[in-house]
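Chain residues, written in single-letter form:
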Amino acid sequence: MLYVVSDEGMLYTLTTDGVIKRRKKLGDYDFEGVACDSRRGRLILAIEGDDDLLIVDRTDFTPLKRITVKRRFQKRKILAKGGNGLEGITLAPNGTLYLANQSNHKYPHADPSVIVTLPYPHAKKGVITGVIDIQKIDLAGLDWHRGRLYIVSDKKDRLYRYNPKSRKIDLERKLPKFAQEGVAFDTKGNLYFSDDDGRVLKSTQKALSIP
Amino acid sequence: MVIKSLLLLWLLLTTSACSADHTSMKVIAKIPEA
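Residue numbers (our numbering), protein chains in the order written: chain A, 1 to 211; chain H, 1 to 34.
Simulated from the structure, these hints should not be mistaken for lab results.
All values reported here derive from a predicted model rather than from experimental measurement.
Cβ atoms here follow ideal geometry from the backbone N, Cα and C, with glycine treated the same way.
Some hints could be false.
[What the hints assert, rightly or not] Mimicking DMTMM-like on lysine to aspartate or glutamate, the simulated pairs with C-alpha atoms at most 25 Å apart in a straight line are: (1) 155/A - 133/A; (2) 30/H - 157/A; (3) 30/H - 17/A; (4) 30/H - 7/A; (5) 30/H - 197/A; (6) 26/H - 197/A; (7) 202/A - 172/A; (8) 26/H - 154/A; (9) 26/H - 133/A; (10) 26/H - 157/A; (11) 30/H - 186/A; (12) 26/H - 195/A.
[As the list claims (entries may be wrong)] Selected chain A positions facing chain H (Cβ under 7 Å, derived; list incomplete): (13) 4; (14) 18; (15) 198; (16) 199; (17) 200; (18) 201; (19) 203; (20) 204; (21) 207.
Produce the complete structure using the sequences and hints provided.
In structure tokens, the structure reads:
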């Protein structure tokens, strides 16, 4: 199953062939990303602008709780109020939640283009516990796949792979020109992109030369 | 000569970093309320 959100407060479930199986309006939210917590049967939705997380039930989409992400890390303001804000979100199996702050400014500029980490599900206070600076701009989507963090850059039309052990980008792929908003892998060698026009695109790891 | 070699290496790395088959990318859905 694929989960897709919209900036009109909608949440969708799609099959991997693109058939919409469920849709629900959760409110007047500007959703920009969704991560799946399959262990607890929950979805974690990133709300742009407010920089909040909305936790919902994965089965019936009932909102369960809302978490405000703190804007500072080690006394430095990372998330600016009124900025582009949170765009990408993914959850690693070890419980680390990764969130991309969309920006055209590289770190350490104010409101920088970075990925922040939070512990999950103990993110009640929304405290940022780490910052990943890859020196790339306009980070729009994230997905954790086989021990690596995949990142799409809208402006650069790029897919990057970040290795958390070496703390470096170890793969980069040029994407066709479209307004990338999200990325997701399945377990069958396929990957999916969402764009700003509400399109969901499907490709394969083989086609993109991703081992 | 060194500059030429470096340029060739850069071209090789750039080509390698960007190689991908985009013809396989297909639109499978259009979200109506987006």
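So, going through the hints one by one against the coordinates:
Restraint check: the Cα-Cα separation between residue 155/A and residue 133/A comes to about 17 Å, which is no more than 25 Å; the hinted pair holds. Pair hint residue 30/H plus residue 157/A holds up; C-alpha atoms about 20 Å apart against a cutoff of 25 Å. This hinted pair checks out: residue 30/H and residue 17/A have alpha carbons roughly 12 Å apart, not beyond 25 Å. A C-alpha spacing of about 14 Å is found between residue 30/H and residue 7/A, which places the hinted pair at or below 25 Å, so the restraint holds.
Between residue 30/H and residue 197/A, the direct Cα distance comes to roughly 8 Å. Compliance with the 25 Å bound is thereby established for this hinted pair. At most 25 Å may separate the alpha-carbon atoms for a hinted pair to count; residue 26/H and residue 197/A meet this at roughly 15 Å. As the CA atoms of residue 202/A and residue 172/A are separated by approximately 18 Å, the hinted pair is consistent with the 25 Å bound. Distance restraint check for residue 26/H and residue 154/A: the Cα-Cα separation of roughly 18 Å lies within the 25 Å cut-off, and the hinted pair is therefore satisfied.
Taking the CA atoms of residue 26/H and residue 133/A, the gap is near 32 Å; set against the 25 Å cutoff, the hint is violated. The suggested pairing of residue 26/H with residue 157/A holds, with an alpha-carbon distance near 16 Å, which does not exceed 25 Å. For the hint pairing residue 30/H with residue 186/A, the CA-to-CA distance comes to about 19 Å; that is within 25 Å, so the pair holds. Distance check on the hinted pair: residue 26/H and residue 195/A sit about 12 Å apart at the alpha-carbon level, within 25 Å; holds.
Interface hint at residue 4/A: satisfied, since its Cβ lies 6 Å from the closest Cβ of chain H, which is below the 7 Å cut-off. The restraint placing residue 18/A at the interface with chain H holds, with a minimum CB-CB distance near 3 Å, inside the 7 Å limit. The beta carbon of residue 198/A comes within 3 Å of a beta carbon in chain H, closer than 7 Å, and the hint placing it at the interface holds. A distance limit of 7 Å between C-beta atoms decides the matter here; for residue 199/A the minimum to chain H is near 5 Å, and the interface restraint holds.
Given hint, residue 200/A at the interface with chain H, holds; its Cβ is 4 Å from that chain's nearest Cβ, closer than 7 Å. A distance limit of 7 Å between C-beta atoms decides the matter here; for residue 201/A the minimum to chain H is near 5 Å, and the interface restraint holds. Using the Cβ-Cβ criterion of 7 Å, the hint placing residue 203/A at the interface with chain H is satisfied: the shortest such distance is roughly 4 Å. Interface restraint check for residue 204/A: the shortest CB-CB distance to chain H comes to about 6 Å, inside 7 Å, so the restraint holds.
A cut of 7 Å between beta carbons decides the hint on residue 207/A: the least distance to chain H is about 4 Å, and the hint holds.
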